[in-house]
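First to last, the sequence lines map onto chains A and B.
Position 19 of the first sequence, counting from 1, maps to 19 under the working numbering, and the rest follow consecutively.
Position 559 of the second sequence, counting from 1, maps to 559 under the working numbering, and the rest follow consecutively.
Treat each hint with caution, since some may be false.
Which bits of chain B does chain A cover? Going by a derived footprint, with three or more residues having C-beta under 8 Å, they are [to be verified]:
no.	region
1	179-188
2	219-227
If the Cβ cut is set under 8 Å, some of the chain A residues that face chain B in the computed set are [what the hints assert, rightly or not]:
no.	residue
3	L4
4	V6
5	I8
6	L10
7	G11
8	L15
9	I19
10	F22
11	W24
12	R27
13	D32
Source of the hints: derived by calculation from the structure; they are not laboratory data.
Each residue gets a CB set at the ideal place from its N, CA and C atoms; glycine is no exception.
Residues per chain, in single letters:
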Amino acid sequence: MTILLVLIPLGVVLLGIAIAFFVWAVRDGQFDDLESEGARILFEDPRS
Amino acid sequence: MSVAVAPLPETCFHCGLEIPEGIRLYAKVLSAPRAMCCIGCRAAAEMIEAQGLSDWYRRRAAPPGAPARTLSRARDESGVFETAEIAESFLGDSDAGRRSASLLVEGLACAACIWVIEAHLGRLEGVHAVRVSLTERRIFVDFDPARVSLRDVVLRLAEIGFAARPDRPSEAALLERAEHRSALIRLGVSGLGAMNVMSYAVALYAGAFEGIEAGSVALMRWMGFLVATPVVAIAGRPFFEAAWRELRVGRPGMDVPVALAIGGAYLVSVWAALTGEGEVYFESICMFVFFLLLGRHLESRIRQRSASLSRSLADSRPVIARLQEPTGERVVPAERLEVGDRFRVRAGETVPADGVVLEGASEVQEALLTGEPWPRSVGSDATVVAGSVNMTSPLLVEATRVGDRTTLASILRLVDRAQSERSPAMRLGDRVGSIFVGLVLVVAIANALVWSWLDPARAIWTTLAVLVATCPCALGLALPAVTAATTHALARAGLLVTRAGVLEDLARVDRFVFDKTGTLSAGEPRLVAIDPVADVDAALALELARALERDAEHPVARALRRLRPGERIRPLAIAFDDLRVVPGEGVEGRFGGRRYRIGRPDWVVASTRSAASDAAPRAETLERVVPPIGLRTTPVVVLLARDAVPLAWFGFDDPLRPEAAAATAALRADGFALEMLSGDPSPGAAEVARVLGLEVARRAARPEDKVERVEQLQREGARVAVVGDGVNDGPVLRAGDVSIAMGSGCDLSRLGASAVLLRDDLAVLPTAVRAVRRMRRIAIQNVVWAVAYNLAVLPLAVTGSLPPWLAALGMSTSSLVVVGNALRASRLPGAEEEVR
């Protein structure tokens with residue numbers, strides 16, 4: 001069961017990375033407008 | 001003889017707005033010619049069709065809904081953005097010398113609007129980037145000031161039917177956004193943390209039954225500690241801060257036991273992890289924090305959406321002022337005004353500050369502040385308030401209160417406060433919570449004292465068991481979870497709540513009072529018949545009526561002004577003098593020395609001398625004003641008269657909303673008393689009430705009658721929900737225990753209303769009252785369950801027969817039961833029938 005000593009801390013490190021990414025995404029404003037972004041991809045102007 | 005007038009297809013296929021007089025535009029969409037209200041709409045429609053995206057018209061949620069007169073209005077208004085000082089105050093800097101601006105836009109309805117705006121604006125020379133936010137109802141533009149101006153952007157938007165206004169994000173809005181972001185971060189941290197800690201806990205639970213190495217136990221505990229610490233420190237912070245605030249003001253609420261539970265369980269778990277004795281509760285803490293934050297977050301998101309709906313009030317905050325200086329007139333931003341400054345307000349402009357009129361006589365409309373849609377006459381020495389609209393002629397005003405001290409600003413502050421209030425039920429929850437926490441503390445201390453005398457070694461663990469067993473987690477979640485679930489479900493169905501506590505009030509309502517025009521009916525009457533009485537023909541009568549109603553904003557006036565089929569637009573040949581709108585009655589004007597009136601029949605034929613209070617002549621005239629046979633069945637009848645002699649009758653119909661009958665029937669079946677309060681005196685109103693089976697206590701009720709009636713009902717013990725669209729329902733909406741405004745109603749009705757029917761769909765009402773009644777039942781079940789559980793385990797904990805791990809398990813289960821029960825509220829009652 002010594003593998004736990006590696007895997008569990010590794011899980012915690014991944015958790016930390018996930019949280020860091022989440023915080024970055026929120027600060028970047030990616031969660032400010034949940035309605036328009038999902039739809040915009042459907043209406044992309046082919047010209048640009 | 002009556003002349004039938006066939007109804008027109010009067011709305012634009014693209015934007016859904018009324019087609020203005022004289023516009024004959026068509027675009028081929030979905031293989032049929034469709035009427036368009038403006039060139040912009042036609043261009044947009046053709047563009048959409050050409051790109052094979054015309055399915056948009058089938059799929060979109062709603063048409064944009066901005067006034068079709070947007071363009072001409074925008075031309076008049078946007079001129080001020082040419083003034084460098086004004087434009088400068090709206091612009092931010094962007095990369096490479098470009099400027100950025102944010103514009104508030106009206107009429108954003110769905111994702112399709114985003115596409116149209118971004119495509120249309122993006123093709124404007126000099127515009128570098130466009131981003132539309134549906135949530136904030138804003139457009140962010142990045143442009144090159146050398147090639148394009150703010151005004152061009154506003155006009156370009158007006159071309160496709162969207163009214164936009166440059167806007168500076170207020171301090172409050174920035175603060176709100178920062179708050180929202182940190183709430184989201186806390187939610188994420190607690191959610192991710194809880195999942196991980198839970199997985200360690202599962203290993204520990206399994207180990208307790210199947211056997212586990214001591215080293216692994218220690219590892220799981222320390223990992224739990226490592227993850228739970230940031231969760232408590234970051235995500236749990238608002239609870240500690242709120243508890244500290246409550247303690248400092250001496251009013252412990254629900255946050256105190258919550259903070260105590262989190263803090264206590266955390267400290268004990270840390271102690272257990274350090275010493276290797278006892279149990280750790282890291283997973284319970286994390287789950288608890290996560291669920292609490294989730295409930296709060298969902299609720300605040302919905303409130304934020306309602307706030308962005310009512311934000312249009314803040315938008316009417318005056319923007320510019322025409323400052324009078326010895327050197328001449330200068331246009332400045334309104335906030336640049338100081339007390340004592342003199343400014344001019346042109347007709348049609350918004351008054352930028354509270355002040356006293358020095359010169360000029362005019363009428364101002366203060367619908368925004370008083371709810372009264374009819375303009376008030378002002379002359380020298382009269383006071384005017386910021387935010388009101390000058391209707392007829394220019395005024396010179398000296399400022400008495402400016403900026404944040406104006407009446408409008410203080411009303412806006414009141415609104416903000418109302419929106420952040422805690423609901424009565426939450427306050428009740430707080431009170432119960434504070435009694436509860438006091439009891440728990442007393443019991444815990446007594447327990448510790450007794451056990452330290454009986455058996456000091458077991459004192460700490462039994463005390464802990466007491467604290468954990470009585471943890472008010474379930475109680476703390478009982479109300480917020482079910483309120484959040486219901487609020488969310490109703491918002492999806494189309495009823496947005498504007499402040500806390502509305503749902504509880506709605507659950508207690510036993511009577512609904514409906515306005516008719518605009519609420520039960522679509523509110524846009526159509527002219528269906530003209531019946532001349534005297535020596536005039538239908539065409540002349542219509543000409544006179546249109547000239548009288550030239551500037552009136554009443555629905556009847558709009559119906560009169562709309563062109564008939566085959567009619568060409570031409571200038572009005574008659575110009576009345578002294579046009580005057582008489583609230584609730586009609587319009588009066590002079591032409592060729594004769595007095596003309598159009599409006600309520602009894603008022604129209606009343607001579608000037610016999611005032612309304614003069615009963616005898618009025619009764620006599622009433623007999624003369626019975627509409628001709630052909631118009632008896634028409635719901636709305638208006639009379640035109642010259643010097644109190646009837647000239648012609650106009651018949652309008654006002655079709656009921658298709659769902660009105662089903663909605664009122666459903667409400668009646670649920671045991672509500674239903675009543676109609678309408679200002680409409682015609683037999684048509686009585687007919688509507690008869691068809692829908694509504695009581696009518698007051699006929700032809702004026703705004704003050706309506707308020708009086710609602711207050712009378714309340715004195716009789718009824719709890720009244722008022723449903724109105726707000727053109728003159730502002731006051732009565734505020735009188736109701738609960739007020740529900742139609743989403744398409746005016747700003748003020750939405751502001752005064754406790755809830756807004758987003759899609760004007762009355763069918764949501766029966767669903768909503770069933771949902772809130774069930775919400776109340778679920779809330780009671782939850783509280784009873786939580787309290788019963790805590791009371792049941794307390795004796796076990798006190799006697800020391802409950803090991804702490806079992807207490808923790810029970811606590812989590814109890815919370816999950818409460819959350820699960822609350823989730824039942826997120827499915828609306830009767831939703832199955834609606835789908836079918």
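Hint check, failures only: The structure breaks hints 4, 6, 11; every other hint is satisfied.
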